[in-house]
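Student: Place chain B on chain A using the hints.
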Amino acid sequence: MGTEEIIWNAIAVFLTICIFTFLYKDNPFYKFAEHLVVGVSAGYFAVILYYNGFVPKLIVPLRHGEWIYIIPAILGLMIWARFSRKWSWISRFSLAFYIGSGTGFAIALYMQNYVIRQLSSTMLPVGFTSWQLFSNILIIIGVLSALIYFFFSKEHTGLFGRTAKVGIWTLMIGFGAGFGLTVMGRVSLLAERVIFLREYLLELKYYLYLLFKHGLSL
Amino acid sequence: MKKFPCPVKALGLVKRKTHLFTPLFFLTLLLVSKAIASESPAEISSSTQWFNPLRINVFIILILFFTFVLYFIQRAKKGASLFVRRIAGLDAIEEAVGRATEMGKPILYISGIEDMDNLQTVASMIILGNVAEMVAAYDVPLLVPVCLPFVVTVAEESVKQGYAKAGRPEAYNRNNVRYLTSEQFAYAAGVNGIMLREKPAANFMFGSFYAESLLMAETGLSTGAIQVAGTANIHQLPFFVVACDYTLIGEELFAASAYLSREPKLLGSLKASDLAKFLTMIILLVGVILETLGVTKLTSWFFVQ
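Same order as they appear, the protein sequences are chains A and B. With the first sequence counted from 1, adding 170 to any position gets you the working numbering. With the second sequence counted from 1, adding 289 to any position gets you the working numbering.
Here chain A stands alone, though its shape is the one from the complex (with noise of 0.2 Å):
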């Protein structure tokens, strides 16, 4: 690790123990690294939007005769009608625009990804001649369980409710072991950032020797 490394990685642990105290409570150290990467963060997007968006995707095409583009080039604009009060009922077409063609698209990949291909693969054959089969049974059961919590159009009273029950604790059985697999995640995330933390602290020791028996000259 040279000097300069060493410099840079300073910064690095220390921000990080910054955002470690507020384990303790709310402190100017943490306030201070919070603070620095919301606005640091918020530059450095303005920038990625401008050279990852407005440039590839306005100002490229138009240099290329496509004048296609001064139509999203308008509608951008008009979002800039906001500053005025008098004006700033245009910018709602702009709005209306982009919400509803996101709606569309997504709707369309939604019905696809989240009902279609989800209904396709829940068909499957049942049976108690394998454990397979008897585990395709716990599964329909519990998807349909699960819709049946999901209806919104009868109370959920009766047969109907206790079935809902069930939906909901297959709905809980799930979110238990996805919070165990997340969980154990963010516990990987702590042990490399203590891992950066102990080897910087080793290279720091190892560059402080250095330094202490070659002098300056590093």
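It is worth saying that the hints were derived from the structure and are not from the lab. None of the values given here were measured: they were computed from a predicted structure. Among the hints, erroneous ones may be present.
[To be verified] Using 30 Å as the maximum straight-line C-alpha spacing, the simulated DSS-like pairs for lysine-lysine come out as follows:
1. B/K394 / A/K324
2. B/K366 / B/K566
3. B/K488 / A/K324
[As the list claims (entries may be wrong)] Across the chosen pairs, the derived CB separations fall in these ranges:
4. B/A426 / A/L232: 42 to 52 Å
5. A/G235 / B/D406: 53 to 63 Å
6. A/I338 / B/V584: 49 to 59 Å
7. B/A377 / A/A347: 19 to 29 Å
Even glycine gets a Cβ: it sits at the ideal position worked out from N, Cα and C.
Tutor: Frame of chain A, contents of chain B only:
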């Protein structure tokens, strides 16, 4: 006389000793080579297609679903009473607003980290409008930190309309709808800061959330605020269930907008989705029976390429 070895057998394509496949093999080779020759790069041309016939099943199902939606919207518009069962988490919103009024503290509304092309964010904005309407009546500050620039515009509009509906447009404070940053964890850090420093009495988290969900819900829990959350991102639901007082699970988030607003269009969609679910259950049961009997036609019809 030495027999000519069967090429099919020699290549290990079939294990049978018969040479009946030999002419068939050569014929296949001939056809394949012709097909390859005819598909030389110079002859292939592609063009934009308006319709993908491989997804005709998705098209039919969508048409059917939209027919249900339009039918129920018409019914709702004609004044038919469309019953929607009580959703516990939504009743808690009013309770939380009341609590914030008593304590004289603000309310925090978080709309997730996805843009307006996500259905969850759209649903969240409808709920935000209703929350704003409730809040306006009680004169409690409503803080809306937003992750994406475009959502800020829609959030401003929703809150403004909510205040206008409540008859108090002058109470709307534009500065309370704030853009923080588009970076996921920086946004989470910013929201956590607001929770710790402004100490809202109620935190509402409705929309599309990812890994930041627990960071925010956990901080909100530590400040003692009432928390109501809702998302359709199944991997984040466990965190909300653990850290929030009430959680809207999956479709309840979309139902919430209809439940709160009672708008015919939203109620119609909700009823249509209920009917679609009922039909899905029937198709599923039929499919399971057919699969068990070894008939796979229904399953393959629903297969999406």
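Student: Indicate, hint by hint, whether the structure satisfies it.
Tutor: Hint by hint, here is what the structure shows:
The suggested pairing of B/K394 with A/K324 is violated, with an alpha-carbon distance near 37 Å, which exceeds 30 Å. Straight-line distance between C-alpha atoms of B/K366 and B/K566 comes to about 23 Å, which keeps the hinted pair within the 30 Å bound. As the CA atoms of B/K488 and A/K324 are separated by approximately 39 Å, the hinted pair breaks the 30 Å bound. Taking 42 to 52 Å as the suggested C-beta distance range, the pair B/A426 and A/L232 conforms, at roughly 49 Å.
Judged by the Cβ atoms, the range 53 to 63 Å given for A/G235 and B/D406 is violated: they are separated by roughly 28 Å. The hinted window of 49 to 59 Å between A/I338 and B/V584 is violated, with their beta carbons roughly 33 Å apart. Against the hinted window of 19 to 29 Å, the Cβ-Cβ separation of B/A377 and A/A347 comes to about 24 Å, which satisfies the hint.
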